[in-house]
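**Q** Here is what each chain is made of, one letter per residue.
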Amino acid sequence: MTTQAQHRTGSKTLPTGAAEAAARLLPAGLPIRFLDDAGAEALEHEHGEYRLPATDLLVDAYGRMVLGRRFDAQATALTKQGRLAVYPSSHGQEACQVGGVLALRDTDWMFPTYRESMALIARGIDPVESLTLLRGDWHCGYDPNATRTAPQCTPLSTQSLHAVGLAYAARRRGEDTVALAFVGDGATSEGDFHEALNFAGVFQAPVVFLVQNNRYAISVPLSKQTAAPSLAHRGIGFGVRSEQVDGNDPVAVLAVLQHAVESARAGEGPFLVEAHTYRIEAHTNADDATRYRDSSEVELWQRRDPIARLEAYLTATDALADDDIGAAREEAEAFAAKLRDRMNEDPQVDPRAMFEHVFAEPTPQLREQRTWLEEELAADEGDA
Amino acid sequence: MATTMAQALNAALRDAMTEDESVLVFGEDVGALGGVFRITDGISRDFGEDRCFDTPLAESGIVGFALGMAMNGFRPVVEMQFDAFAYPAFEQVVSHVAKMRNRTRGAVGVPMVIRVPYAGGIGGVEHHSDSSEAYYVHTPGLKVVTPATVEDAYSLLREAIADPDPVVFMEPKKLYWSKADVELPVETTPFGTAAVRREGRDATLVTYGPAVPVALEAAEAAVEEGRDLEVVDLRTLVPFDDVTVAASVRRTGRCLVVQEAAGFGGVGAEIAARVQERCFHSLAAPVLRVAGFDIPYPPPIIEKHHLPGVDRILDAVARLQWDDEPDRRWLTGVPA
Numbered sequence: 040m041t042t043q044a045q046h047r048t049g050s051k052t053l054p055t056g057a058a059e060a061a062a063r064l065l066p067a068g069l070p071i072r073f074l075d076d077a078g079a080e081a082l083e084h085e086h087g088e089y090r091l092p093a094t095d096l097l098v099d100a101y102g103r104m105v106l107g108r109r110f111d112a113q114a115t116a117l118t119k120q121g122r123l124a125v126y127p128s129s130h131g132q133e134a135c136q137v138g139g140v141l142a143l144r145d146t147d148w149m150f151p152t153y154r155e156s157m158a159l160i161a162r163g164i165d166p167v168e169s170l171t172l173l174r175g176d177w178h179c180g181y182d183p184n185a186t187r188t189a190p191q192c193t194p195l196s197t198q199s200l201h202a203v204g205l206a207y208a209a210r211r212r213g214e215d216t217v218a219l220a221f222v223g224d225g226a227t228s229e230g231d232f233h234e235a236l237n238f239a240g241v242f243q244a245p246v247v248f249l250v251q252n253n254r255y256a257i258s259v260p261l262s263k264q265t266a267a268p269s270l271a272h273r274g275i276g277f278g279v280r281s282e283q284v285d286g287n288d289p290v291a292v293l294a295v296l297q298h299a300v301e302s303a304r305a306g307e308g309p310f311l312v313e314a315h316t317y318r319i320e321a322h323t324n325a326d327d328a329t330r331y332r333d334s335s336e337v338e339l340w341q342r343r344d345p346i347a348r349l350e351a352y353l354t355a356t357d358a359l360a361d362d363d364i365g366a367a368r369e370e371a372e373a374f375a376a377k378l379r380d381r382m383n384e385d386p387q388v389d390p391r392a393m394f395e396h397v398f399a400e401p402t403p404q405l406r407e408q409r410t411w412l413e414e415e416l417a418a419d420e421g422d423a
Numbered sequence: 010m011a012t013t014m015a016q017a018l019n020a021a022l023r024d025a026m027t028e029d030e031s032v033l034v035f036g037e038d039v040g041a042l043g044g045v046f047r048i049t050d051g052i053s054r055d056f057g058e059d060r061c062f063d064t065p066l067a068e069s070g071i072v073g074f075a076l077g078m079a080m081n082g083f084r085p086v087v088e089m090q091f092d093a094f095a096y097p098a099f100e101q102v103v104s105h106v107a108k109m110r111n112r113t114r115g116a117v118g119v120p121m122v123i124r125v126p127y128a129g130g131i132g133g134v135e136h137h138s139d140s141s142e143a144y145y146v147h148t149p150g151l152k153v154v155t156p157a158t159v160e161d162a163y164s165l166l167r168e169a170i171a172d173p174d175p176v177v178f179m180e181p182k183k184l185y186w187s188k189a190d191v192e193l194p195v196e197t198t199p200f201g202t203a204a205v206r207r208e209g210r211d212a213t214l215v216t217y218g219p220a221v222p223v224a225l226e227a228a229e230a231a232v233e234e235g236r237d238l239e240v241v242d243l244r245t246l247v248p249f250d251d252v253t254v255a256a257s258v259r260r261t262g263r264c265l266v267v268q269e270a271a272g273f274g275g276v277g278a279e280i281a282a283r284v285q286e287r288c289f290h291s292l293a294a295p296v297l298r299v300a301g302f303d304i305p306y307p308p309p310i311i312e313k314h315h316l317p318g319v320d321r322i323l324d325a326v327a328r329l330q331w332d333d334e335p336d337r338r339w340l341t342g343v344p345a
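Order-wise, the sequence lines are chains E and W.
All residue numbers for the first sequence refer to the numbering used here, where the first residue is 40 and numbers rise by one.
All residue numbers for the second sequence refer to the numbering used here, where the first residue is 10 and numbers rise by one.
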């Protein structure tokens, strides 16, 4: 096993060949791109070892991105109607949300944050279960084991360590599972992000860190987050191979993530991918982005819209016809309508559920407190 | 055969690892060195470096990584090296380890043990003697246990490793080298069961961990003063054994809580509250507490003045209104 090899080699020698090792780990000088801002092939860029994803997969990605954006808009609307407690939008980050999912096999694990509701949908998780956290009827609505998706994590980057541990455990069990952890640019400043990269490097865990650099941690811009040349450059300090990619180029995102995931699966160690993207909406519905950024900046990024770029590319290469585009939009509308109907029903939550699963078996004190609540509930019913 | 608490803990780890392949031991210096207190002595050698290994020096990393492994079929037992060095892992423990089962509605349990050598009395310099149990006890979803005897070190650690829920296992450092004639393995006693270490008629001392031997010594000394004290060792702080504690206090009619940790907001405050809730009409005197002072842990040269000792316990026992005299400490008041 990995650990044995490490223990045996120990630290007997001074580092040699550091320059060669560094060259292998460092990201490209510019973000990897397959498409230009308009969706035409970006011929001036080197793709290195990244391969153009299969057309079928890109068409699949397109459909999920259209669906994802419509879902996102619907969730925002539901929040305004008071159906969700809060909603952090990922409008503009569709390439990352969907690319992260499509790079994985069903048997792989993903570790999302609160901003990954769209990724949950792309993974095929029931949309109402995906919104359970944000509606507030429980903390996690889906079964992590059945969906191979960890609960959405609200503390920043803490779940990266869980991804490393889970991926390492899978490797120990002889499985070829890969874990993908989503983090944002702000979260890369957290200590747990660094500890996760370090553990991943030391234990050569098959884990991929997908940093969606959307330029803002609520209101704080990237410039105040780090002095590093790029967030991808953080990998080299931990011996983790890193890459940066145009996060609004769905072709490039998929190409790089597929490579990262398969390289981790093949036992070549962890991978850090920084995707340069942009949070088109405010942090959440409760935030006011006009207080800290100019609308011209938003407009600039809207011209790099990932769905428009992929649509242009797939249309130009005859992989997508107008009928297909219409069908994708219709499917998204139907999805949103059904979600709206389901979310307009009031969730029924038994308050006694709060006592469930604190421990595998409740303590005597919890059993006692549960009866107190039951007495209160019975009294409430009597009053009603 | 005389066995130390350190040896009993080592034996518990070995027996658990032998029985269950999914049990792993990792942390800082637990491999070749066998831990700074030698609790994992020889385990890496005998079980292989896959089963017992060193990690990078990062406590949050250790606990978060362990949680991920626990999500995927392993039962990690991690060592935090020292009480105060476990604080970097606090967010992982409180926000994730403690909550995972509940937030996933029972779908994801995290069977793991976080071993924390704690408390003082070993002449340690700053940051090596904290009594941090109250932080964990106050976090729903964690079980928190602490052995006071060699036998319990084995029993509680085996129970902790076998438990389906996360357990913070607090090891009183000063008792690592305490000895007892114990043949291992001993039969284990379930969590939530306090032990009456000494039976007595006149008052109940409720205590745990490093304060247990001190309370027992005080109880022996009290015999000379004609008082027969019962000593209850809680063993497990969560789950808490209200039944044993209340039964003892109802019988004796007096209760003194003894803990090494600072008193304010501590476990002893919870015990005192629970005792008066349940035993008020059996009490002949207010429930008193003997605890460490509410100070940052003092430097080792003067730590003996901070740690609750036999005399401080006996003084408190004397204030349990034996002749219906009110407790003068509170009557004379505290300067405003």
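Any given hint might turn out to be false.
Stated by the list, open to error - One side only, chain E facing chain W, incomplete, derived with CB under 7 Å:
no. : residue
1   : Val203
2   : Ala208
3   : Met382
4   : Asp385
5   : Pro401
6   : Thr402
Stated by the list, open to error - Far from chain W, by Cβ distances over 12 Å, these chain E residues were calculated:
no. : residue
7   : Ala185
8   : Ser196
9   : Leu205
10  : Glu229
11  : Glu234
12  : Gly240
13  : Phe242
14  : Phe277
15  : His396
16  : Ala399
17  : Glu400
Think of the hints as simulated: they come from the structure by calculation, not from any bench.
Backbone N, C-alpha and C fix where the C-beta goes; we use that ideal spot for every residue, glycine too.
**Q** All hints are to be evaluated individually against the structure, with a verdict given for each.
**A** Hints, verified against the model:
For valine 203 (chain E), the interface hint holds, since its Cβ comes within 7 Å of a Cβ in chain W; the closest pair sits about 6 Å apart. Checking alanine 208 (chain E) against chain W by beta carbon gives a least distance of about 4 Å; that is within 7 Å, so the hint holds. Checking methionine 382 (chain E) against chain W by beta carbon gives a least distance of about 20 Å; that is not within 7 Å, so the hint is violated. About 20 Å separates the beta-carbon of aspartate 385 (chain E) from the nearest beta-carbon of chain W, more than 7 Å, and the hint is not met.
Hint status for proline 401 (chain E) relative to chain W: violated, with the closest Cβ pair at about 9 Å, above 7 Å. Below 7 Å, beta-carbon pairs count as interface contacts, and threonine 402 (chain E) has one with chain W at about 4 Å; its hint therefore holds. With a least CB separation of 8 Å from chain W, alanine 185 (chain E) falls inside the 12 Å interface cut-off, contrary to its annotation. With a cut of 12 Å on Cβ distances, serine 196 (chain E) falls inside the contact zone with chain W, its closest approach being about 9 Å.
With a cut of 12 Å on Cβ distances, leucine 205 (chain E) falls inside the contact zone with chain W, its closest approach being about 4 Å. With a closest Cβ-Cβ approach of about 9 Å to chain W, glutamate 229 (chain E) is found to fall inside the 12 Å limit, against its non-interface label. The claim that glutamate 234 (chain E) lies off the interface is violated: its Cβ sits roughly 3 Å from the closest Cβ of chain W, which falls inside the 12 Å cut-off. The claim that glycine 240 (chain E) is not at the interface with chain W is violated, since a C-beta of that chain comes within 12 Å of its own (minimum 9 Å).
Distance to chain W contradicts phenylalanine 242 (chain E) as a non-interface residue, since its nearest Cβ pair spans about 8 Å, not more than 12 Å. With 12 Å as the threshold on Cβ separation, the claim that phenylalanine 277 (chain E) sits away from chain W is violated: the shortest Cβ distance comes to roughly 10 Å. The Cβ of histidine 396 (chain E) does not lie farther than 12 Å from every Cβ of chain W; its closest approach is about 4 Å, which violates its non-interface assignment. Residue-level check failed: alanine 399 (chain E) sits 4 Å from the nearest beta carbon of chain W, not beyond 12 Å.
For glutamate 400 (chain E), the shortest C-beta to C-beta distance to chain W comes to about 8 Å, within the 12 Å cut-off, and the non-interface label is violated.
The structure does not agree with the numbered hints 3, 4, 5, 7, 8, 9, 10, 11, 12, 13, 14, 15, 16 and 17 stated previously, though it agrees with the rest.
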